[in-house]
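S.K.: If you want the building blocks of each chain, they are given just below.
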Amino acid sequence: MELLDRTIVALADPTRRRIVGRLARGTATVSELVRCFDLTQPTISSHLKVLERSGLISRSRVAQTRPCKLEPEGLHALGYWLGELRSVYEENYARLDQVLERLKNQTEGPKP
Amino acid sequence: MKPMDEFSTPTPTTIRIVRSFDAPIALVWRAHIEPELIKQWMTGPPDHSLPVCEIDFRVGGKARYVWKNPQFEMGMTAEFLEIVENKRIVHTEVFDGWPEGSSTVTTSFVETQGRTKITIEIEYLNQEARDQAMQPGFEEGYAASYETLDRLLANRRS
Numbered sequence: 001m002e003l004l005d006r007t008i009v010a011l012a013d014p015t016r017r018r019i020v021g022r023l024a025r026g027t028a029t030v031s032e033l034v035r036c037f038d039l040t041q042p043t044i045s046s047h048l049k050v051l052e053r054s055g056l057i058s059r060s061r062v063a064q065t066r067p068c069k070l071e072p073e074g075l076h077a078l079g080y081w082l083g084e085l086r087s088v089y090e091e092n093y094a095r096l097d098q099v100l101e102r103l104k105n106q107t108e109g110p111k112p
Numbered sequence: 113m114k115p116m117d118e119f120s121t122p123t124p125t126t127i128r129i130v131r132s133f134d135a136p137i138a139l140v141w142r143a144h145i146e147p148e149l150i151k152q153w154m155t156g157p158p159d160h161s162l163p164v165c166e167i168d169f170r171v172g173g174k175a176r177y178v179w180k181n182p183q184f185e186m187g188m189t190a191e192f193l194e195i196v197e198n199k200r201i202v203h204t205e206v207f208d209g210w211p212e213g214s215s216t217v218t219t220s221f222v223e224t225q226g227r228t229k230i231t232i233e234i235e236y237l238n239q240e241a242r243d244q245a246m247q248p249g250f251e252e253g254y255a256a257s258y259e260t261l262d263r264l265l266a267n268r269r270s
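Protein sequence lines correspond, in order, to chains A and B.
Our numbering numbers the first residue of the first sequence as 1 and each following residue consecutively.
Our numbering numbers the first residue of the second sequence as 113 and each following residue consecutively.
Just so you know, the hints here were simulated from the structure itself, not pulled from any lab data.
Keep in mind it's a predicted model, so treat the numbers as computed, not measured.
Any given hint could turn out to be false.
[What the hints assert, rightly or not] The calculated DSS-like cross-link candidates involving lysine-lysine, where the alpha carbons are at most 25 angstroms apart (straight line), are:
no.: 1; chain 1: A; residue 1: K104; chain 2: B; residue 2: K114
no.: 2; chain 1: B; residue 1: K199; chain 2: B; residue 2: K180
no.: 3; chain 1: B; residue 1: K229; chain 2: A; residue 2: K104
no.: 4; chain 1: B; residue 1: K180; chain 2: B; residue 2: K151
no.: 5; chain 1: A; residue 1: K104; chain 2: B; residue 2: K199
no.: 6; chain 1: B; residue 1: K114; chain 2: B; residue 2: K151
no.: 7; chain 1: B; residue 1: K199; chain 2: B; residue 2: K114
no.: 8; chain 1: A; residue 1: K104; chain 2: B; residue 2: K151
[Unchecked claim] Now the stretches of chain B that chain A is said to cover, found in silico as 3 or more residues with beta-carbon under 8 angstroms:
no.: 9; stretch: 154-161
no.: 10; stretch: 179-192
no.: 11; stretch: 197-205
Beta carbons: idealized from backbone N, C-alpha and C, even for Gly.
Put together the whole structure using the sequences plus the hints.
M.R.: Okay, structure coming up:
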């Protein structure tokens, strides 16, 4: 699976998006996230694994804890994908402008 | 190229696109539902064509699109959930091999003085997931990440 697909899959889950939202405000340890979301430690850990594989977060090691940090690069990939999507729509609609011009000429022109 | 009126992410799982066309609603509507017209414009990225566009335009009906370029082929299946003539089309989209990215798309048409504005909302998650997503604290927490996206989009397209 492409990294971008992993990013989108990672963000398709509401709990993981809330974790990303929490980490957007600063790093947090697993136990802080457990308290924050009222979920069990294994549940939080499994979500963090998915987020880490997607490149959205990274985890360092400080003494016995593993603080989690948001990685902007993962969101950059998503932003790039949105940019591509936007280009496709812009180009499609530029062509649709032309199709509509032709249709207008047909409907306004003399009937056969 | 004529700019879009809007390209935004109003919620973390929604993309909204607004675009105006210098044509009456009846023509814009036709251009969205007649395969021979759709094939002329919905061709996607440069160098692609849309050789397959089959549409069973009724509620519960399906549509099949296949885009092609020399190296690549991508198919998508849609199903119509709601049709209000000259006003609104709601359909689901599932791209081949990417079920996680399935979406519900609402296209609304409004005519003002011979010009037609369409609004497309692409919703990337089902209702259950959306309800969970909208729990207290979610939007506030996510706003920061989405500001990053907004900046990226603004930079890319300004």
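S.K.: Decide, hint by hint, whether the structure agrees.
M.R.: Okay, the hints, checked on the actual structure:
no.	hint	result
1	A:K104 x B:K114	18 angstroms, holds
2	B:K199 x B:K180	30 angstroms, violated
3	B:K229 x A:K104	16 angstroms, holds
4	B:K180 x B:K151	12 angstroms, holds
5	A:K104 x B:K199	20 angstroms, holds
6	B:K114 x B:K151	20 angstroms, holds
7	B:K199 x B:K114	23 angstroms, holds
8	A:K104 x B:K151	18 angstroms, holds
9	154-161	holds (count 5)
10	179-192	violated (count 0)
11	197-205	violated (count 0)
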